[in-house]
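Place chain B on chain A using the hints.
Chains A and B, in that order, give the protein sequences. Heads up: the first sequence begins at 1 in my numbering, then just goes up one per residue. Heads up: the second sequence begins at 1001 in my numbering, then just goes up one per residue.
Incorrect hints may have been included.
What the hints assert, rightly or not - Here are the simulated DSBU-like pairs of lysine-lysine, each with C-alpha atoms no more than 30 Å apart in a straight line:
| id | chain 1 | residue 1 | chain 2 | residue 2 |
| --- | --- | --- | --- | --- |
| 1 | A | Lys5 | A | Lys186 |
| 2 | B | Lys1004 | A | Lys136 |
| 3 | B | Lys1004 | B | Lys1026 |
| 4 | A | Lys298 | B | Lys1026 |
| 5 | A | Lys47 | A | Lys136 |
Said to hold, decoys possible - Computed beta-carbon distance windows for the label pairs:
| id | chain 1 | residue 1 | chain 2 | residue 2 | range |
| --- | --- | --- | --- | --- | --- |
| 6 | A | Gln318 | B | Gln1038 | 52 to 62 Å |
| 7 | B | Leu1005 | A | Gln377 | 24 to 34 Å |
| 8 | B | Pro1032 | A | Ser221 | 29 to 39 Å |
| 9 | B | Asn1012 | A | His270 | 21 to 31 Å |
| 10 | B | Glu1010 | A | Ala341 | 25 to 35 Å |
| 11 | A | Gln130 | B | Thr1002 | 27 to 37 Å |
| 12 | B | Leu1005 | A | Thr69 | 26 to 36 Å |
| 13 | A | Ala181 | B | Asp1054 | 56 to 66 Å |
| 14 | A | Asp202 | B | Asn1012 | 19 to 29 Å |
| 15 | A | Gly34 | B | Thr1002 | 53 to 63 Å |
| 16 | B | Glu1010 | A | Gly387 | 32 to 42 Å |
| 17 | A | Ile360 | B | Asp1054 | 24 to 34 Å |
Just so you know, these hints were derived from the structure itself, not from any lab. Positions of the beta carbon are idealized from the N, C-alpha and C atoms, including for glycine.
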Amino acid sequence: MASIKLKGDTSGELTIQAPSVAGTNTLNLPASSGTLATTAQASIGMKNLIINGDMRVAQRGTSASGITTYGYYTVDKMFTNLSLGTWTISQDTDVPSGQGFANSLKLDCTTSASLSASSQVGIDQRLEGQNLQHLKFGTANAESLTVSFWVKSNKTGTYTTEHFILDDSRSISNTFTINSADTWEKKTITVVGDTVGVIDNDNGPGMVIKIWLAAGSDWTSGTLNTSWSTRTNANVVSSSNVNIADSTSNYFNITGVQLEVGTEATPFEHRPYDMEYQRCLRYYQQEGHSLNGLAGPKTGPMGMWYSTSEVYGPIYFQTEMRAAPTISSPTVTSGYRFHRAGAATNMDNFATSFNTIDRISCYYRRASLSPTGVAGQACWTYFPEAGAKIIFDAEL
Amino acid sequence: MTYKLVNDMEGNLSSIKYTYDDGEFKIIPLDPANTDYQAYLEWIAEGNTPEEAD
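Isolated chain A (complex conformation) (with noise of 0.2 Å):
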């Protein structure tokens, strides 16, 4: 059996080995720069942990202003950590030329803020559990990871990224550069992975990827945690981060966000739309006027009038959430209607209560109607009005 030795500068070396079978073959290598794929690394379909990394599902809406509190705004998994400044969060068309993305999320700072000792800004997604049992966390076998992302900003400077795991409180930072403003610039860190802290097998957060643009002092105090060990705030973020929050002509625009097992950052898995929108609805979904670029009124879900002014009907999800959602409903001037025989019933809300919320179903309750209908009848839900929606939120 035929075979070439490369030797690295020290102990290393490859050996690619010629097949021990009649016949020639031709292997051809690709005319670019890049790293192949191997069977030895864990994943190489679905390698990307982050879920709607590339920005392109945002069912709350494409843009959300005045925002000066943590949450989940536009852009689906990717939760705003904030408590400074205010802000205008939006689901962006602008994005790094040739790599095939179609949106970003965005940062807008309408009001500048001063850093206090509690002060912080950054973007994170908390990882299930469950979902990430193959890095062996905990284990001498720890994988490493590889996170990538692109960004831009017109503030240039140190940023902090941190890997959390929230089941053993451990964590380890790193940081990285924007060089240049207003210009998209790929980033990749990568950590070893962690043999002492466990990520338990089930549906809570395992892991937070986050990545911090702005942080007081009871973050920034002490010296930068780079490598794993129970998480000190004082530790987590570096004392050169900047403060993204200074001004209001500050922005920060990211896509293509990846996490993978390894040590090399892979071109980022471009997934069919329909399976990161499926997978999103596992943590949030709704339904009602207008949503998810369906423009409109829209039905609901069907009931029965228990009395003649009460009516109970079943829900059923979209799909399997995460844990049982909590359920809310604004109130809109007539945007929600009962259909029954030969008439309608309108309401400001949809539902007095939900009950026997699980994973998969509930059923509500609608009392105090007027006008009444008649007991055993059925009846079915209708969206009238623009911004009439059932939510149905399971987020980390």
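Chain B in isolation, oriented as in the chain A frame:
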């Protein structure tokens, strides 16, 4: 804001109603994996008591 217990059709505790100051509300399931239910349990642990169900 207020927390209020919600019973199902059989009179069993089914969910928690959280009402905001502006009157809007959300219904929280009794699921330990739900982050709003976790917050409710923390509120209870601080010594607070929800309103009884109707």
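Hint-by-hint comparison with the structure:
For the hint pairing lysine 5(A) with lysine 186(A), the CA-to-CA distance comes to about 33 Å; that exceeds 30 Å, so the pair is violated. For the proposed pair lysine 1004(B) and lysine 136(A), the alpha carbon gap of about 42 Å is over 30 Å, so the pair is violated. For the given pair, lysine 1004(B) sits about 11 Å from lysine 1026(B) by alpha-carbon distance, which is consistent with the 30 Å threshold. With a C-alpha separation of about 22 Å, the suggested pairing of lysine 298(A) with lysine 1026(B) holds against the 30 Å cut-off.
In summary, the hint linking lysine 47(A) to lysine 136(A) is supported, as the alpha carbons are separated by about 16 Å, within the 30 Å threshold. Taking the beta carbon of each, glutamine 318(A) and glutamine 1038(B) are about 24 Å apart, not inside 52 to 62 Å as hinted. Range check, leucine 1005(B) to glutamine 377(A): about 30 Å between beta-carbon atoms, so the 24 to 34 Å window is met. Remark: the range hint 29 to 39 Å for proline 1032(B) to serine 221(A) is upheld by a beta-carbon distance near 35 Å.
A hinted range of 21 to 31 Å for the beta carbons of asparagine 1012(B) and histidine 270(A) is inconsistent with their spacing of about 48 Å. Glutamate 1010(B) and alanine 341(A) have their C-beta atoms about 29 Å apart, which keeps the hinted 25 to 35 Å range intact. At roughly 35 Å, the beta carbons of glutamine 130(A) and threonine 1002(B) sit within the given window of 27 to 37 Å. Remark: the range hint 26 to 36 Å for leucine 1005(B) to threonine 69(A) is upheld by a beta-carbon distance near 27 Å.
For the hinted restraint 56 to 66 Å between alanine 181(A) and aspartate 1054(B), the CB-CB distance of approximately 59 Å keeps it satisfied. Checked against the hint of 19 to 29 Å, the C-beta distance between aspartate 202(A) and asparagine 1012(B) comes to roughly 26 Å, which is consistent with it. Hint check: glycine 34(A) to threonine 1002(B), Cβ distance near 58 Å, so the stated range 53 to 63 Å holds. Roughly 34 Å separates the CB atoms of glutamate 1010(B) and glycine 387(A), a value that falls within the hinted 32 to 42 Å.
Take isoleucine 360(A) and aspartate 1054(B): their Cβ atoms lie about 27 Å apart, and the range 24 to 34 Å holds.
Comparing the model with each numbered hint stated earlier shows that hints 1, 2, 6 and 9 do not hold.
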